[in-house]
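Residues per chain, in single letters:
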Amino acid sequence: GAVVSQHPSRVICKSGTSVKIECRSLDFQATTMFWYRQFPKQSLMLMATSNEGSKATYEQGVEKDKFLINHASLTLSTLTVTSAHPEDSSFYICSARAGGKKNTGELFFGEGSRLTVL
Amino acid sequence: AQSVTQLDSQVPVFEEAPVELRCNYSSSVSVYLFWYVQYPNQGLQLLLKYLSGSTLVKGINGFEAEFNKSQTSFHLRKPSVHISDTAEYFCAVISLSGGYNKLIFGAGTRLAVHP
Numbered sequence: 001g002a003v004v005s006q007h008p009s010r011v012i013c014k015s016g017t018s019v020k021i022e023c024r025s026l027d028f029q030a031t032t033m034f035w036y037r038q039f040p041k042q043s044l045m046l047m048a049t050s051n052e053g054s055k056a057t058y059e060q061g062v063e064k065d066k067f068l069i070n071h072a073s074l075t076l077s078t079l080t081v082t083s084a085h086p087e088d089s090s091f092y093i094c095s096a097r098a099g100g101k102k103n104t105g106e107l108f109f110g111e112g113s114r115l116t117v118l
Numbered sequence: 001a002q003s004v005t006q007l008d009s010q011v012p013v014f015e016e017a018p019v020e021l022r023c024n025y026s027s028s029v030s031v032y033l034f035w036y037v038q039y040p041n042q043g044l045q046l047l048l049k050y051l052s053g054s055t056l057v058k059g060i061n062g063f064e065a066e067f068n069k070s071q072t073s074f075h076l077r078k079p080s081v082h083i084s085d086t087a088e089y090f091c092a093v094i095s096l097s098g099g100y101n102k103l104i105f106g107a108g109t110r111l112a113v114h115p
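In order, the protein sequence lines correspond to chains A and B. Position 52 of the first sequence, counting from 1, maps to 52 under our numbering, and the rest follow consecutively. Position 80 of the second sequence, counting from 1, maps to 80 under our numbering, and the rest follow consecutively.
Just so you know, these hints were derived from the structure itself, not from any lab. Some hints could be false.
Said to hold, decoys possible - Calculated cross-link-like contacts (lysine-lysine; reagent style DSSO-like; alpha-carbon spacing at most 30 Å):
| no. | chain 1 | residue 1 | chain 2 | residue 2 |
| --- | --- | --- | --- | --- |
| 1 | B | 49 | A | 41 |
| 2 | A | 64 | A | 20 |
| 3 | B | 58 | A | 41 |
| 4 | B | 102 | A | 55 |
| 5 | A | 66 | A | 20 |
| 6 | A | 41 | A | 66 |
| 7 | B | 69 | B | 49 |
| 8 | B | 58 | A | 66 |
| 9 | B | 102 | A | 20 |
| 10 | B | 69 | B | 58 |
| 11 | B | 49 | B | 102 |
| 12 | A | 66 | A | 14 |
| 13 | A | 20 | A | 41 |
| 14 | A | 41 | A | 64 |
| 15 | A | 66 | A | 55 |
| 16 | B | 58 | A | 55 |
| 17 | A | 55 | A | 20 |
| 18 | A | 41 | A | 14 |
| 19 | A | 64 | B | 102 |
For clarity, every value in this text was computed on a predicted model and none was experimentally measured.
Chain B extracted, bound-state conformation (with noise of 0.2 Å):
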């Protein structure tokens, strides 16, 4: 079975300064890796997502992840944050294999930026 792990609950950091949050997943077959981004109260925004070819993969508002098949992980970065990227964020897969490929999200991460 497929799962995803966000490592940290909560990341403050500070406005201007860069920020990683991680994702490893574990799935026996092959997937496609999503962040996802969500403000309070609202639904799900695409960040980014990973289908195939180049490993590092630009969103948008600034974010970047790179898939490492070795290490299972697709962490989620930005060099520089904005007050405004306070947020929740959502790493999510579907394992491509059977009927349905239903999408798992990982527990989630607070980003909190400070002034």
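Chain A on its own, in the form it takes in the complex (with noise of 0.2 Å):
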């Protein structure tokens, strides 16, 4: 199956850092990735939509200056964590769907990366 693949798994910083999350599909291109953020023992929040070459859509709440998304190639998109506080400390996870034909509805999730900001 697909392969979508998150670094850092997890990752410690200073209050007041940024701090930069990679998901790549490693064996399919991905037109379309979505990052979310779980808190402890609760559900996946959408935070962003990101196409290929365009701007990232936000969800409503979500703001956008301090969650950066990059999404420049098919094969990776990037979060950023722009001054990172205490409350930012979460379960970032990433998933992406397939372009073309090989869109199958399906999302292929990474494996989370677990931000700590002390």
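Put the complex together from the two separate chains, hints included.
In structure tokens:
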């Protein structure tokens, strides 16, 4: 099956610094990628949708200047948490959908990245 | 707007007993439906999906689900659970309209299998 890889899986940073999380589709081209955030013992909340070569579409209540999303190629999307604060600590998960004829409607998920801001 | 309701936040069950995890959705258009499992500190693994065709869908690890359009439900079942099935289970839906077809998750159901 299709593989989506996230890096890093865990990151600890100091308050005020910025952190970048990468999401790569390893064996398919992902025209659309989604970023989710999951708080402990809660469901996944969609943060934003990104399409290759265009600006991301953010869900209501998500600060676009704080959570910068770049989908520079068909296999890579990045989420940058700028000026991170302890309340940004969370589990971030990306997912990707194949484009063109390989689009079956299914999303493939990365392993998740746990961010801890001290 | 689409939404997903998982009626049980926690389901305790004994090993080898059957289990049903309930999921209802709301959408004004056709949908794709999914069940995912999440083990602690891990990402999501797809259990099964309904895109079209037969309403009874079989997935991995002995799970199955039935799409019921009239009741807008997609309940997950397993006839005999194992300790290793203890995890968080998420029902999710994609509405087939508009551009990006966002995947929306239910709140999750914690399945706890006891010996």
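Checklist entry - Hint by hint, which ones does the structure fall short of? => result 8 and 16
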